[in-house]
Amino acid sequence: MMTTRRSLLAAAAPAPVAARVAVAQPRRILIGYQLPLTGEFSQYGERFRNSALMALDAFNRSGRLPVPVEIVFEDTRSDPREAVAVARKFVDNREIVAVLGDFSSSASIQAGRVYAEVGMPQLSQTASHPDFVKISPWQFRNITTQAYEGPRVAEWMRENGVRRVAVVAIQNDWGQSVVSNFAEAFRSGGGEVVATQFFNPGNREFRAILTEIARARPDAIYIGMFYEDGAAFLQQRRQLNIRVPVYATSSLYEPKLVELAGAGAEGVFLSTTFMATSPEPHVRAYVEEYRRRFGSEPNMFSAQAFDAVNILLEAIVRAWPEATRARVREELARTRDFPGVTGVTTFDPETREPAKTLARMRIENGQFVLVR
Amino acid sequence: MFDRFDIFFVQQLINGFSVGLVYALVAIGFTLIFGVLNVVNFAHGEIYMIGAYAGLLAIVFLAPPWVALLLLVLAAGIVSGVALERAAFKPFRRFRDEASLKSKAMRESTLLSSLAVSIVVRESVEKIFGADMQAIPRAYADAMQEPISLGELAVASGQIAILAAAILMFAALQWILTRTDIGLSIRAVAANPLGAQYVGVNVDRTVIATFAIGSGMGAVAGILIGLYQGTIFPAMGFAPGVKAFVAMVMGGLNSIPGAVICAIVLGLAEAVATEFFGQGWADLVAYVFLVLTLVFFPTGLFGAGRERV
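Sequence lines, in order, name chains G and X. Residues in the first sequence are numbered consecutively from 39, following the numbering used here. Residues in the second sequence are numbered consecutively from 46, following the numbering used here.
Chain X extracted, bound-state conformation (with noise of 0.2 angstroms):
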């Protein structure tokens, strides 16, 4: 047993981080919009699928800097989150009285309209540049999975890129929600549309402008992650989203530092997984997380329980 604390389980640990990282990426922007709005949104893996692409273009057709490509990834990513919300969300708010907006039904029949829209966008995206990874061109794909040796140890150029990435939009998606009006109306919608609604708070701008904050970080999570593993492909967003979901309803829902917490120990726990049986089994560690948190922390490990009347 203790043999396996050598230097490869350092490894191990680093490898896990990293993993835990780039589902945090991805759980920032889908917690914001899922959990903290409470919308039920099933398309960001597909936002996150077209800030690759995005990327993708700009480089094969511009090769811009380095920040300007991200710059026009998160341009992409808000456009589409705007055209995802007229799409698939904005529909169902049509109904004004007080039992729609109070129906739980209606707020969830966008769980089948995302959807929806994911399946259309993914399966015109495979139509279009075909269902195989992207070649990338090398100096941006090298630039992100440059090995960088400590010792025994290894890390890659891309995971350093992500942890910057990570801590940036951690922090900025906090000082929006809790230093801005727009956060604050964000929070005033998620706890109470309706009431929202009564002390003048502009509802639609503000479920507007979370998906545009939200979709704009789950695009340019999508072309770093895409980089950095060198795998573009229209099906890229369904095994992050699936993680960033389990870590989402691990942190409570509504909670972004649960959320970016419970997604490094998922990663963390499945790299170490890896040591005791097959990694083919080590999806299961989430999962089993998954149930283990609703059926003892049904508010999730960092939830403080949904403010609602």
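Bound conformation, chain G alone (with noise of 0.2 angstroms):
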């Protein structure tokens, strides 16, 4: 009997180094993914996880990591109360080393709140705010900011000759920091911001903020807003018949945009990181093996969720074996030149800002055309 306690004594003493082993040589790894999946933005989330299967399977047949890494997915209907849910869920569960997602920003920021806690690396594949990748060293993006984007679309205005401008933009975080960092840039190269409207998301009846822009006479109108409200800005300005040029942010950047505006989509300048059209091969085979595998057009959402998935990968096969959280981090701010299809990535290691490279574009005859 009291051999039976002894060695059942001797058997628990190292078994904490046996525990420190598993964990340093743990039989899979898991990433989780918070996202919308059901709900109003739940195409986007659609995109996310198809963009992500695609990139785990074809990680997990390279063979770069002796164990495989599976993703488990969450629905937050990008609902900043369920995202903040999901994220105890998620920091709760010891195998999952890294957290990918939420889509909108306001999603993100709560559930960052509960990841900057814990300490848990959280890289979301669509978070543009500003106040995101501030909450803690835990947050990273894959997405240029708007502080990133409207200083260039100013500039590109500027070019254009443009001097009075009226802005809209969807009334959240996101929209905020669109109309935020546009307008100090413009107005710092002189430029003068004529109205600013805000629009509640769900509206799609745009005629009263048309109206009330048209009054003041811009030059030009800049866009921040989702491509499904962008189809029917557009739309009711061709009926309108306002026909002063529109710039928008890169979010409209979707081949539906035309589908669903028709003519009234003609003329719209827009920048983007991602072009589906591009010639590059690593583009070329993501878009194509998207189409074969989804039956749809792969846009810079898919694509920026498919590179994403892709960053995070390389961080944990740089951090084993030690694929911890506190080490993904540190990899995660590493990140430099990363070859993804939305250009040359690279992360700040301080403010885990991601640089990358905008093209310029316009819609011509339905078509997204590279203008420069």
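Heads up, a few of these hints could be off.
[Claimed, not checked] Listed next, with one range per pair, are the computed distances between beta-carbon atoms:
hint: 1; chain 1: X; residue 1: ALA132; chain 2: G; residue 2: PRO387; range: 55 to 61 angstroms
hint: 2; chain 1: G; residue 1: THR315; chain 2: X; residue 2: SER169; range: 31 to 37 angstroms
hint: 3; chain 1: G; residue 1: ASN98; chain 2: X; residue 2: ALA128; range: 45 to 51 angstroms
hint: 4; chain 1: X; residue 1: MET151; chain 2: G; residue 2: GLY240; range: 30 to 36 angstroms
hint: 5; chain 1: G; residue 1: PRO387; chain 2: X; residue 2: LEU107; range: 35 to 41 angstroms
hint: 6; chain 1: G; residue 1: THR384; chain 2: X; residue 2: LEU107; range: 52 to 58 angstroms
hint: 7; chain 1: X; residue 1: VAL333; chain 2: G; residue 2: ALA393; range: 55 to 61 angstroms
hint: 8; chain 1: G; residue 1: ARG281; chain 2: X; residue 2: PRO302; range: 27 to 33 angstroms
hint: 9; chain 1: G; residue 1: ASN198; chain 2: X; residue 2: VAL165; range: 46 to 52 angstroms
hint: 10; chain 1: X; residue 1: SER169; chain 2: G; residue 2: ALA301; range: 46 to 52 angstroms
hint: 11; chain 1: X; residue 1: GLU191; chain 2: G; residue 2: GLY240; range: 44 to 50 angstroms
[Said to hold, decoys possible] So these bits of chain G aren't anywhere near chain X, every CB distance computed over 12 angstroms:
hint: 12; residue: ALA258
hint: 13; residue: ASP386
hint: 14; residue: PRO387
[To be verified] Dumping the calculated SDA-like pairs for lysine to any residue here, alpha-carbon to alpha-carbon at most 25 angstroms:
hint: 15; chain 1: G; residue 1: LYS394; chain 2: G; residue 2: ASN241
hint: 16; chain 1: G; residue 1: LYS294; chain 2: X; residue 2: SER202
hint: 17; chain 1: X; residue 1: LYS172; chain 2: G; residue 2: SER218
hint: 18; chain 1: X; residue 1: LYS172; chain 2: G; residue 2: LEU75
hint: 19; chain 1: G; residue 1: LYS294; chain 2: X; residue 2: ILE104
hint: 20; chain 1: X; residue 1: LYS172; chain 2: G; residue 2: ASN241
hint: 21; chain 1: G; residue 1: LYS294; chain 2: X; residue 2: TRP220
In short, the hints are calculated from the structure, not lab data. For each residue, glycine too, the CB sits at the ideal point set by N, CA and C.
Given two chains presented individually in distinct reference frames, assemble the corresponding complex, making use of the accompanying hints.
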């Protein structure tokens, strides 16, 4: 009896060591992905999941790690409250070493507070609000922010001789940052912002806003919204016969915009990091496989997610065999010249802001055409 | 202040009137079921959405002429209205005893059952078609979205179609309610379901007929507005549904003319509000109106109070 107990104790004694070894050599690596799979934004979540599965399959096939990597997808509807609930669930799962998502800045920021407290690396493919990476050193993003895009659009407008601009943006964290970053840069260049209008998410009636803007007689309109709102906006602009050039945020780069807005989309200027028609071989390979597997065209959002997953997988490879949350965070911060489908990406090790190249496009005859 | 009363202000009034008509078009069917028949129904927005999707499917696969399209959508609306009634409302009419028939809780339990049906329907459509906006074949979309310039002012062809549809539906409904037998039984059931039953009105049939008429109109509103705005997506019924609800309450619940007038007032007020503060705040107008009405005119602006026993 005694011997049994002693041998049990003896067996128990080295257990912590065994456990540490087990942590270092897990049977699999888990990544959490919080995204909207139902609700108003589910088409984005769907794209993220498609891209993530593509990236993950290719990675596991490559055999670069001796253990498989798996992704746990959790639906948040991109609702900040649900995002927090999912974040708590992810941090409680000790197997999860890093998290991807969420979709909107608002949901990502709320979840980010949970991750910051516990120490979980979080990489969002789309959260572009400036405050997101300021939460803690655990937050990363794979999308250029409005602080990056806004001044470049302002410069583009100046080159085209625009002096007076009206700005229309969606009323949320992201929309606010569209307006503030752009307006600041445009004013400092000597331009004038003659009207600023926000609309509530879900509103698709822009005639009142358009009429109000037309009164200010701007040289151009800058719109910060998603493509569905943008399509309604552009259609109604055409119906009201307002012939002012429109510049748009990169979020409007989506083939469906032209399909939905028809003639209303002609002549819109916008910048982007991802072009599905790019001749680069790795972009073409991505676009073709996406098309084949999911029967739809990838857009900027799907590409953004594809790169985010790959950046995270690279960081895990570099952290291996010590794939802990802290190590993965360190390696994410070391991301340099990652050759993604959204351009060569480098994370600033301090601010954790990505740097990418922006291409200028215009919609001509229903096609997105590279301007320069 | 007066520099605001320019050509743009007139344009703003036109915008507001057309928004009001959109609300009115939704409010007509809604008020018939919710207000007149006095059945709490929160699934009207989904009937509206089904109308838009049924129309879109017809356009994509059959490309029918306009009259046929509207008749098809009307039929789809009637079928889904009857199905909705069967699923969410009929089970609560099983209890025939007087206490249940008079029970408010019994009547209001359809609030949840209709809400449940609406969520199931919306999520199913989302599952099948996706949550994003559907592309509409250009020939049909353009017919409703063609700009028509009147000097410096502009209207869209769809606005005229919606005006015509609103007048037509309103007239048809008034005729049904005041000149036909089914209209008489609808009003009888609305005033007093138990009494109506005692004098030989078939309550079941009347309720089903009301759902058929109201839902048919809701579905037609859905396809017309969907084409005109170019936005057909699963959650499309929510925003106009809320505004139609406000218009109905403002109009006094049981008054269809009241709901129509209030819907137009609401649209105008929202558009004019954009002149003075951001559009983001314009939604506030509807709710302020709702609160003011409830505080100062508890029976609505046009309601004569409900005849109750």
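Cross-check of the supplied hints:
1. Between X:ALA132 and G:PRO387, the C-beta spacing of about 58 angstroms keeps the proposed range 55 to 61 angstroms intact.
2. At about 35 angstroms, the CB distance of G:THR315 to X:SER169 agrees with the hint of 31 to 37 angstroms.
3. Between G:ASN98 and X:ALA128 the CB atoms are about 46 angstroms apart, so this pair conforms to the stated range of 45 to 51 angstroms.
4. Hint check: X:MET151 to G:GLY240, Cβ distance near 34 angstroms, so the stated range 30 to 36 angstroms holds.
5. At roughly 60 angstroms, the beta carbons of G:PRO387 and X:LEU107 sit outside the given window of 35 to 41 angstroms.
6. A hinted range of 52 to 58 angstroms holds for the C-beta pair G:THR384 and X:LEU107, which are about 53 angstroms apart.
7. For X:VAL333 and G:ALA393, the Cβ-Cβ distance of about 47 angstroms falls outside the hinted range of 55 to 61 angstroms, so the restraint is violated.
8. Take G:ARG281 and X:PRO302: their Cβ atoms lie about 40 angstroms apart, and the range 27 to 33 angstroms is violated.
9. Against the hinted window of 46 to 52 angstroms, the Cβ-Cβ separation of G:ASN198 and X:VAL165 comes to about 50 angstroms, which satisfies the hint.
10. For X:SER169 paired with G:ALA301, a C-beta distance near 33 angstroms fails the hint of 46 to 52 angstroms.
11. About 26 angstroms separates the C-beta atoms of X:GLU191 and G:GLY240, a value inconsistent with the hinted range of 44 to 50 angstroms.
12. No beta-carbon of chain X comes within 12 angstroms of the beta-carbon of G:ALA258; the shortest separation is about 19 angstroms.
13. Interface exclusion of G:ASP386 from chain X stands, the closest Cβ pair being 33 angstroms apart, more than 12 angstroms.
14. With 12 angstroms as the threshold on Cβ separation, the claim that G:PRO387 sits away from chain X holds: the shortest Cβ distance comes to roughly 37 angstroms.
15. At roughly 32 angstroms between alpha-carbon atoms, G:LYS394 and G:ASN241 are farther apart than 25 angstroms, so this suggested pair is violated.
16. Restraint check for G:LYS294 and X:SER202: satisfied, since their Cα atoms lie roughly 24 angstroms apart, inside the 25 angstroms limit.
17. The suggested pairing of X:LYS172 with G:SER218 is violated, with an alpha-carbon distance near 37 angstroms, which exceeds 25 angstroms.
18. Simply put, X:LYS172 and G:LEU75 have alpha-carbon atoms about 10 angstroms apart, close enough for the 25 angstroms limit, and the pair holds.
19. The suggested pairing of G:LYS294 with X:ILE104 holds, with an alpha-carbon distance near 19 angstroms, which does not exceed 25 angstroms.
20. Of the pairs offered as hints, the one joining X:LYS172 and G:ASN241 holds, with about 23 angstroms between alpha carbons and a cut-off of 25 angstroms not exceeded.
21. Among the hinted pairs, G:LYS294 with X:TRP220 is inconsistent with the structure: their alpha-carbon atoms are about 44 angstroms apart, more than 25 angstroms.
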